[in-house]
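Using the sequences and the hints given, assemble the complete structure.
Protein chains: 2
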Amino acid sequence: MSLCLYAAISATIRPPPMPAVTYELLRADRASGARLGRVHTPHGQFDTPAFMPVGTQGTIKGVLPDHVAATGSQCILANTYHLMLRPGEKVVADLGDLHRFMAWPGPILTDSGGFQVFSLADLNKITDDGVTFKSHIDGSVVHLTPARSMQVQNDLGADIIMAFDECPPADAPLDYHMTAVERTLRWARLCIDAHARPDRQALFGIVQGGTDQRLRERCAEQLIRMDLPGYAIGGLAVGEGFDSMRIVLGFVTPLLPADKPRYLMGVGYPRDLVAAVREGVDMFDCVLPTRNGRNAYAFTARGAVRLRNAKYQRDTGPIEDGCDCYACRHFTRGAIRHYFFAGEMLGPVLVSVHNIRFYQRFMADIRRAIAGGVFDDFCRSDPRCSLGPTEEGSGFRVQGSGNATASPPEP
Amino acid sequence: MSLCLYAAISATIRPPPMPAVTYELLRADRASGARLGRVHTPHGQFDTPAFMPVGTQGTIKGVLPDHVAATGSQCILANTYHLMLRPGEKVVADLGDLHRFMAWPGPILTDSGGFQVFSLADLNKITDDGVTFKSHIDGSVVHLTPARSMQVQNDLGADIIMAFDECPPADAPLDYHMTAVERTLRWARLCIDAHARPDRQALFGIVQGGTDQRLRERCAEQLIRMDLPGYAIGGLAVGEGFDSMRIVLGFVTPLLPADKPRYLMGVGYPRDLVAAVREGVDMFDCVLPTRNGRNAYAFTARGAVRLRNAKYQRDTGPIEDGCDCYACRHFTRGAIRHYFFAGEMLGPVLVSVHNIRFYQRFMADIRRAIAGGVFDDFCRSDPRCSLGPTEEGSGFRVQGSGNATASPPEP
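Listed in order, the protein sequences are those of chains A and B. Each residue of the first sequence is one higher than the one before, starting from 8 at the first, in our numbering. Each residue of the second sequence is one higher than the one before, starting from 8 at the first, in our numbering.
Keep in mind that the hints were calculated from the coordinates and are not lab data. Everything hinted at is true.
One copy or any two copies: either way a pair holds, since identical chains are not told apart in the list.
Keeping only pairs whose Cα atoms sit at most 20 Å apart, straight-line, the calculated EDC-like set for lysine to aspartate or glutamate is:
{"#": "1", "residue 1": "318", "residue 2": "328"}
{"#": "2", "residue 1": "97", "residue 2": "322"}
{"#": "3", "residue 1": "141", "residue 2": "129"}
{"#": "4", "residue 1": "318", "residue 2": "101"}
{"#": "5", "residue 1": "97", "residue 2": "145"}
{"#": "6", "residue 1": "318", "residue 2": "104"}
This is the structure:
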């Protein structure tokens, strides 16, 4: 047998490549849809349910990677839209890839850029082909398509990449949602075709469909047929409210394959996370801990601590009693308050560190509760499970880095 | 003998209290005035010659204390003027003291506030009593006297505190320098009288006198009679130029007692530091590494690297080859350049970390050279020993946090 023929046969009988990312189910909760698991990626694994802090422009704002890791974060997120415009995905690729660029050797996820185009950019035109918009940085006209989003995400090199989708506002009319779902499905197929590195980067599909059960079901079923390595639920926390979000998750997640990770995009408050975990969601990202942190808003089990408040001026306690984060182990509330008033970077840095650690401790406790078979008790008894937006700030769309119920800016 | 009488006698025969800070001479260089030593303080010791990074408002801007420590910094500086105005020294005291406030358990030095009053504030009046000025924060009228500076520094609680002095510009007429020296001496005595914690905080005197040898000698001799635990040389790097600075150091440092640490305030570039070490100076502080770092100006042995430069866009190298700082071990020049253009805090943070580490490596190598008896060779052969200001930026007065030859702001 010639070498050439041997090579041809060998190629034919080669098994299909392992997907870049696999999900390992460790325990399914009996009293709810919650699941304990682990996601394996080319850059290591992470435990689920997982919270991913957001590094919009290639950095978790102000926090060096060793401090990000010290919060217990295992997988982080970066935004395709921002990095594509600046410094450009080719620059990131030439500098190594996103892992090298961000100095984050662990798992990374990039979004498709779509959400930011719809929320941040000066949007010119949406067609079946893609989206044309003006850059928020220099006003230049950019065309983003499924193929282009894939090329950019391939160049960035994250472990998990997202299909390019259309995400209408919650109050869009039903026929817009229908169009968006059909486009999202067509674009998902184009993304699969354009994806150049399925052995190193896992492409997740995104279920759209607003709050309409039939649309959500259609979108989920069609995406599942594409046999993607993971599925996201998009178009939530864009103004539909907490109860609607739970209802949608209640009929979407049971449709999703049990052997793939499920990712709820851009959500949210602790209350939202735990409700979504109950419905079987495994992965979350949100700008809340970092964005609120930069505005002196600290998450604690007893509710928000707004560190600019005069009552903290001489407060020698940590941001939160019992917290083991770097900020709480070393700094007083009084000092952190001073840093905010003095315009010192350390204020935003310290509260960001605390808030990310707060989220990661919460996720770790959720995982422990599922592992111990006491998740239902946990949901009822842990005060963090009811932490949601304050009355001023519920349910509006966050401009920027992911869709989320947002906190109001500090005065 | 009654207990009461015993106590009285015991009080009488008690030896004078150990000064809070002592200097240990480890090796005097044969070929120059350079000395290797160690300063012992109530919060630990530091090796000399030492460089102290500046934490103006109670933080090394953007750098968490663990990263400051990782640069090899052992003693840090904070500014009395800034902390007195905000958050107020009583607030710092109520929060523990400056060590607790800054989360820096090691040695700290505070200046007297005088230099900032003369350079930053809207100065109303200088009298023999003190200085009246308007706060640069809210315009309120503040009166600063030797006694007040001591009270503030006692409340802040640094290990080394500075006498309140008058620092005229280099080009001031001789009679102004004469008046300033007399005032500085009178104020030093008032500071000694007002200093409430000599057992826990060491008060250093400051030699003034411009470039006039007789004035400098008078100032030094009078201060030495006050038997202070350390001496600083002030009024240099305020416009007199590198050669004048060396000449002044050449006649001042030999006058200073060999068993006390010598501190050159607000200096400077590596060239300045090594020249001053040759003249027998032990301690330095300067805002250059952090201020320049925030402006994308990195110190390297080959000269300044200005990280905004287009040529670094795709540069996969570290800021400086062979540097072991956190920034150089983890980040490419290209990524750091991006952070500056994207307005990300991590740019200033990373270059500050590198620059402080650059200075600390330089000081460690100076100490090693003195210890090995090869300091003279080191001065001649190490390229860092000739690093000074670039042509654009030499010799002007830095507004802000210490007097220093400054780098020009980045474009």
